[in-house]
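Q: Each chain, letter by letter, is given below.
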Amino acid sequence: MVRINGEPREAAGQSVAEILVAAGYDRRAVAVERNGAILAKADYDTTRLVDGDVVEVVCFMGGGC
Amino acid sequence: MNTDENDFLIDSGKLSAAALAKKHRLEHDPSCRRDPMEYFPEMEQIDSDVRERVITAMDDYDESRYTAVDVRRALDHEHCSIEDFKALLSTAAAPFLEEMAQRARSETSRHFGNTVYLFTPLYIANYCENYCVYCGFNCYNDIDRLQLTPEGIAHEMKVIADSGMEEILILTGESRTKSDVEYIGTACKLARKYFKNVGLEVYPMNTDDYRYLHECGADYVTVFQETYDLKKYETLHLLGHKRVWPYRFEAQERALRAGMRGVGFSALLGLSDYHKDALATALHVYYLQRRYPQAEFSLSCPRLRPIINNEKINPRDVSERVLCQILCAYRIFLPYVGITVSSRETAKFRNGIARICATKISAGVSTGIGDHEEKYTGQETGETGDAQFEIADTRSIANMYGDMASEGLQPVLNDYLYV
Amino acid sequence: MAQKNEDSLVIGGHEFTSRFILGSGKYSLELIKAAVEDAGAQMVTVAVRRANTKEHENILDYIPSGVTLLPNTSGARTADEAVRIARLARELGCGDFVKIEIMRDTKYLLPDNAETIKATEQLAKEGFIVMPYMYPDLNVARDLASAGAAAVMPLAAPIGSNKGLVTKEFIQILIDEIDLPIIVDAGIGSPAQACEAMQMGAAAVMANTALATAGNLPLMASAFRDAIAAGRKAYRAGLGRVLRRGAEASDPLTGFLHD
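Residue numbers (our numbering), protein chains in the order written: chain A, 1 to 65; chain B, 66 to 484; chain C, 485 to 743.
Hints may be right or wrong, so weigh each one.
Claimed, not checked - Which bits of chain C does chain A cover? Going by a derived footprint, with three or more residues having C-beta under 8 angstroms, they are: (1) 502-511; (2) 622-629; (3) 678-686.
What the hints assert, rightly or not - What follows is a list of derived Cβ distance ranges for each label pair: (4) G324(B) - S512(C): 18 to 28 angstroms; (5) Y619(C) - M108(B): 49 to 59 angstroms; (6) E661(C) - D26(A): 56 to 66 angstroms; (7) G6(A) - D621(C): 51 to 61 angstroms; (8) R534(C) - E18(A): 46 to 56 angstroms; (9) D621(C) - A17(A): 21 to 31 angstroms; (10) L622(C) - D26(A): 56 to 66 angstroms; (11) E247(B) - L594(C): 51 to 61 angstroms.
Stated by the list, open to error - Anything over 10 angstroms on all C-beta distances counts as not near chain A; from chain C, calculated: (12) G550; (13) T552; (14) L553; (15) P555; (16) N556; (17) R561; (18) T562; (19) K602; (20) Q606; (21) Q656; (22) E661; (23) D663; (24) A696; (25) Y719; (26) F740.
Worth flagging that the hints you see were computed from the coordinates, not collected in a lab.
What you are looking at is a predicted structure, and each value in this text was computed from that prediction instead of being measured.
Glycine residues also receive a C-beta, built at the ideal position from the N, C-alpha and C atoms.
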């Protein structure tokens, strides 16, 4: 079991790139944090998720004061 | 206005032929003098941009560009900017002196009420290894040299403390071999027994030395830059550690890093262009205050005075009116700083300026060594050392106290709890 | 090569001719392009959020090219969280700028100055161009400067309140005492208030809610642009804060001078 943006997914064994595509994220527009550490974009294809991983996928949105 | 250059160079008949030859070489052949920007190996170099900021602003300053309109605008501003300050220091501000004085007084009273602090300087040694051509202590000047022993220091301090004084400023000539840091530390420890507030006006030293002296009881360090005009400085400070201009400039910053509570500054007015020197002095304070906002800052305003063996030395174009203008400008630009007016000035001037902007006045002054008892009581006590310069105001502490009170001011001997 | 503007705003080595920092919150993406253009803004703040798989619109597609993005750390309650958000923002690949916002208070949204200093120190060490949002306190501003901030962003009034320069006296002290650009942030509700901040010597003004809540957003953006430029001109022209001093009857003070 892997947690992606708070939601549990059966994604252990998949690469980060694969789960981004499966979930419909645009990999150019997001940043990925895995277990609290930022994952470089270059490593999306080679990084395979393991059971218990916590993944955050973030992007920019409107914000100000 | 006196625009003649001072003739500082005096030969003593007691110098050997070799010493005289070296002195003359230093005076007349710039190539045999040390580079004033080059630190001695034992001198600490700190990383700071204050010097560059001060000197850049000073170099850019052309006082003749400022007009009455600029002065008017400066006086109308609630906060005095650097540009306003430049206008107030300019010749164009001379006709505004009374208005500047009124404004200065209101700033002074806002920050200091009607108080005026009294203190006395204590010279403990007049040995000096520098050749600063205008100074009575310079190493080529034929004067009686003396260094007080710890017992001698304690005796002088007791005499001064008995007069009621609670703040002391300890001074030496600039000889690190004769008056080493440990010796000055001994004087500080003694001073802590007799006084509530101990200031130092000695040769610039490294941060570690200042830290040690702070532990010994000193909490205020004053170093006069003399002139911020490096070219001029080089022609006046021909020999010794004092020749190293940037090391002197950074003394206050080292003292603050060492934990000293306050620092004092000054140019010796009359040595160079007073507009530029006054600007640089105030900016030296201004930029350091921004870096060390916890510290106390004070400005002095000495003018050149006659010395033993050279009666003709004078402050050139820095008249009393000019001095008053500079001090008013200092006060308006830096309302929170202490301003000290020394006994180089007359009693009349000091009474007047204390009503406008001075916050600290010396009394019971001797610039000689070991002669306080004689001066205070008339009783001769043996060997004394010659004075650094002639003073103009010889009032005792009691007289000064009374005179300040009769000017409507409240004399204060100490307002500080040593922590 | 473009000529260096004589009155440019320099933050972290980057030069800007506009002194209006635009927020992009609280209004629709379609309006952002017009707002940025009509504001003449060269810097726009954005927030970092969990990506939503259902929306595929990217705010970056709406922000004109050449505009510097200033990601903020909104949502952070501690220095550590702000640092984490800043790192993610940098990973999104739009430069090294970050505006630190740390709020532990959801009612007033006032910044936590102590945590902000910590985050500034850490992020400056990591090479970010750090612009901390803060409650205007001189000691804190000094600490932020020593911690490596590239600018300081004091609030004018509670965020979103449109109340204007409620902290004016304290912002003035920061402008007078801190050697960094002081950018007035939060609470500026009208062009007149933005103009006043600029006249005081603020380096720039940030606004968002005032535009988002205006009847015509692009038109208000343009009004802010003009007001900020006018205030800057007035400051540069040497607007005086004239103190009216009553004629105080006083004895001459300089009568003792004889030469």
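Q: Look at the Cβ atoms of E661(C) and D26(A) and judge whether their distance stays inside 56 to 66 angstroms.
A: violated (46 angstroms)
Q: Within the assertion that chain A covers the region 502-511 of chain C, do at least three residues meet a Cβ-to-Cβ distance smaller than 8 angstroms?
A: Per the Cβ count (6), the hint holds.
Q: Measuring Cβ to Cβ, find out whether P555(C) lies farther than 10 angstroms from everything in chain A.
A: About 7 angstroms separates P555(C) from the closest Cβ of chain A, which leaves it inside 10 angstroms; violated.
Q: Note whether the CB distance of G6(A) and D621(C) lies within 51 to 61 angstroms or breaks it.
A: violated (36 angstroms)
Q: Range hint 21 to 31 angstroms: satisfied by the CB atoms of D621(C) and A17(A)?
A: violated (47 angstroms)
Q: Would you assess whether A696(C), listed as outside the interface, keeps its beta-carbon beyond 10 angstroms of every beta-carbon in chain A?
A: violated (8 angstroms)
Q: Verify this for me: three or more residues of the region 678-686 of chain C with a beta carbon less than 8 angstroms from a beta carbon of chain A.
A: violated (count 0)
Q: Would you assess whether Y719(C), listed as outside the interface, keeps its beta-carbon beyond 10 angstroms of every beta-carbon in chain A?
A: holds (22 angstroms)
Q: Run the C-beta distances from K602(C) to all of chain A and say if the shortest one exceeds 10 angstroms.
A: holds (18 angstroms)
Q: With a Cβ-Cβ cutoff of 8 angstroms, does the region 622-629 of chain C contain at least three residues near chain A?
A: Violated: only 0 residues of the region 622-629 of chain C have a Cβ under 8 angstroms from chain A.
Q: With 10 angstroms as the threshold, tell me whether D663(C) passes as away from chain A on beta-carbon distances.
A: holds (24 angstroms)
Q: Going by Cβ atoms, does L553(C) stay more than 10 angstroms from chain A at every point?
A: Contrary to the label, L553(C) does not stay out of reach of chain A, its closest Cβ about 7 angstroms off (not over 10 angstroms).
Against the hints set out earlier in the document, violations occur for numbers 2, 3, 4, 5, 6, 7, 8, 9, 10, 14, 15, 16, 24.
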